[in-house]
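Participant: Given the structure of chain A, go ahead and fit chain B onto it with the hints provided.
Number of protein chains: 2
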Amino acid sequence: MIRIILVLVGLLMSLSSLADKLPPKTLGVFVYPHFELLDVFGPLEMFGSLPDKIKIVIIAEHPGRVKSDQGTAIYAETDLQHAPHLDYLFIPGGFGSRQLVSDKAVLSWIKQRADKADLVFSVCTGSALLAKAGVLDHHRATTNKKAFQWVTEQGPDVQWVKHARWVEDGKFITSSGVAAGTDMSLQVIARLYGMKTSERVANGAEYIWNKDPAKDPFAIK
Amino acid sequence: MIRIILVLVGLLMSLSSLADKLPPKTLGVFVYPHFELLDVFGPLEMFGSLPDKIKIVIIAEHPGRVKSDQGTAIYAETDLQHAPHLDYLFIPGGFGSRQLVSDKAVLSWIKQRADKADLVFSVCTGSALLAKAGVLDHHRATTNKKAFQWVTEQGPDVQWVKHARWVEDGKFITSSGVAAGTDMSLQVIARLYGMKTSERVANGAEYIWNKDPAKDPFAIK
Chain A
0 MIRIILVLVG LLMSLSSLAD KLPPKTLGVF VYPHFELLDV FGPLEMFGSL PDKIKIVIIA
60 EHPGRVKSDQ GTAIYAETDL QHAPHLDYLF IPGGFGSRQL VSDKAVLSWI KQRADKADLV
120 FSVCTGSALL AKAGVLDHHR ATTNKKAFQW VTEQGPDVQW VKHARWVEDG KFITSSGVAA
180 GTDMSLQVIA RLYGMKTSER VANGAEYIWN KDPAKDPFAI K
Chain B
0 MIRIILVLVG LLMSLSSLAD KLPPKTLGVF VYPHFELLDV FGPLEMFGSL PDKIKIVIIA
60 EHPGRVKSDQ GTAIYAETDL QHAPHLDYLF IPGGFGSRQL VSDKAVLSWI KQRADKADLV
120 FSVCTGSALL AKAGVLDHHR ATTNKKAFQW VTEQGPDVQW VKHARWVEDG KFITSSGVAA
180 GTDMSLQVIA RLYGMKTSER VANGAEYIWN KDPAKDPFAI K
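From first to last, the protein sequence lines stand for chains A and B. Residue numbers are given in numbering that gives the first Met the number 0: position 128 of the first sequence equals residue 127, and the series is strictly consecutive. Residue numbers are given in numbering that gives the first Met the number 0: position 147 of the second sequence equals residue 146, and the series is strictly consecutive.
These aren't lab readings, by the way, just hints derived from the structure by calculation. Careful, some of the hints might be misleading.
Heads up, the list lumps identical chains together, so a pair's fine if it works in one copy or across two of them.
[Unchecked claim] Below, in silico cross-link-like pairs of lysine-lysine (DSS-like), each with a Cα-Cα straight-line distance of 30 Å or less:
(1) 145 with 52
(2) 145 with 24
(3) 161 with 52
(4) 195 with 220
(5) 220 with 115
(6) 145 with 20
(7) 20 with 66
(8) 145 with 54
(9) 24 with 210
(10) 195 with 115
(11) 52 with 210
(12) 214 with 195
(13) 20 with 170
(14) 145 with 103
(15) 195 with 66
(16) 103 with 66
(17) 145 with 195
(18) 54 with 66
(19) 20 with 103
(20) 195 with 110
(21) 103 with 214
(22) 24 with 220
(23) 110 with 220
(24) 161 with 103
Predicted model only: the values in this text are computed from it and were never measured.
Next comes chain A alone, as it looks inside the complex:
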């Protein structure tokens, strides 16, 4: 009996050490001209703190400099066609999304990559792109409260939630405006790697994490 227990313990330890040695998952961030700065960098601060678990790839229609709505430019490493397989697909918001809802090539890429991804998440008006691509049909989702009407028009078959810091529905996690994306990202980390890891990441960034998806001071009354 003791021998069986020892074998089982050994097996569990090997599996656990194997899990630590798994290659990192790929998180693809789709950026575009006039994306919103904090939509991207709040989440990337958090996901970027786990380089052994998550490899971040910045993807754009045209690689190189991509200017944010605030002016500062990010560097996109690859284009849509050459992006590797994405375990996690992340679509940020920003004024640029208003043009992109008419861009069939981008929407088709988003749909294909979302179908293959284990997790799909958006910040702010990023959910307009997911909705217009048909990714969120019949799922619950949220978005920026100031752009609520325009975003919801992009997805009439989505179950839009007016009061939520973020909404989790299966593999789809959509956050409210801009800064809400940072709270949501920590929830994604908690879901993937446990609450202890997520709290360690938040504390490391001295970030006062709003852990409650129902606490939404910016909700539409």
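Facilitator: Leaving out everything else, chain B in the frame of chain A:
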């Protein structure tokens, strides 16, 4: 008497409209390899929402791609020598600051630009660079709480504050770690343009602003 009042009202209205037409102030952000993402982009989300008031310039020793500690790269427009006059100087933190405290050219540039600036602010270990450059001597300042000992060693003549989300001392405003910089930036905006403007910026980003510099959950016990 009525005529005098009308003339005075007219004069005040012209002055107010003149203030609206003043050229924007220049905010220079010094970035370096292994800067911390959110140290830079939390503040830039907020300052970047006021393009008629603030022009942001990203400065680095070597312009072009500058990689953050999280991997994602920012684009720096100019080098130290060619940077324009900076009304506001902003020094973010990050692991890269550990090397830069030995870089005399960078420290000398920081000192010169800080002397000429109307406001100087830092996030996280950015205050180590200000301290080592001699900018903060005999002033109150704070920094990241996890790097407190190392940072404070860079400026033995600085009055380091252990418990503070941020510290304001004359034209110097230093924040605690990473995310604290976003709270501090909104205070800088309130100081420059009034609380209403700052609240509008925070609400636009759906940011739950910790307005109280004494509320520091990450302080050293």
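Participant: Now tell me if each hint is right for this structure.
Facilitator: Hints and how they fare:
1. 145 with 52: between (35 Å within a copy, 23 Å between copies)
2. 145 with 24: between (33 Å within a copy, 28 Å between copies)
3. 161 with 52: neither (33 Å within a copy, 33 Å between copies)
4. 195 with 220: between (34 Å within a copy, 21 Å between copies)
5. 220 with 115: neither (37 Å within a copy, 47 Å between copies)
6. 145 with 20: between (44 Å within a copy, 28 Å between copies)
7. 20 with 66: between (36 Å within a copy, 26 Å between copies)
8. 145 with 54: between (32 Å within a copy, 25 Å between copies)
9. 24 with 210: within (24 Å within a copy, 37 Å between copies)
10. 195 with 115: For residue 195 and residue 115, the Cα distance is within 30 Å only inside one copy (28 Å; across copies 45 Å).
11. 52 with 210: Answer is within; shortest intra-copy Cα gap is 22 Å, inter-copy 34 Å.
12. 214 with 195: Both. Shortest intra-copy (21 Å) and inter-copy (23 Å) distances satisfy the 30 Å Cα cut-off.
13. 20 with 170: within (24 Å within a copy, 49 Å between copies)
14. 145 with 103: Only inside one copy: residue 145 and residue 103 sit 25 Å apart there, 47 Å across copies, limit 30 Å.
15. 195 with 66: Answer is between; shortest inter-copy Cα gap is 28 Å, intra-copy 35 Å.
16. 103 with 66: Within one copy, since 22 Å is at most 30 Å while 32 Å is not.
17. 145 with 195: between (33 Å within a copy, 18 Å between copies)
18. 54 with 66: Result: close both inside a copy and across copies, 22 Å intra and 15 Å inter.
19. 20 with 103: neither (39 Å within a copy, 41 Å between copies)
20. 195 with 110: neither (33 Å within a copy, 41 Å between copies)
21. 103 with 214: neither (35 Å within a copy, 48 Å between copies)
22. 24 with 220: neither (39 Å within a copy, 37 Å between copies)
23. 110 with 220: neither (32 Å within a copy, 49 Å between copies)
24. 161 with 103: Within. Shortest intra-copy distance 28 Å satisfies the 30 Å Cα cut-off; inter-copy 54 Å does not.
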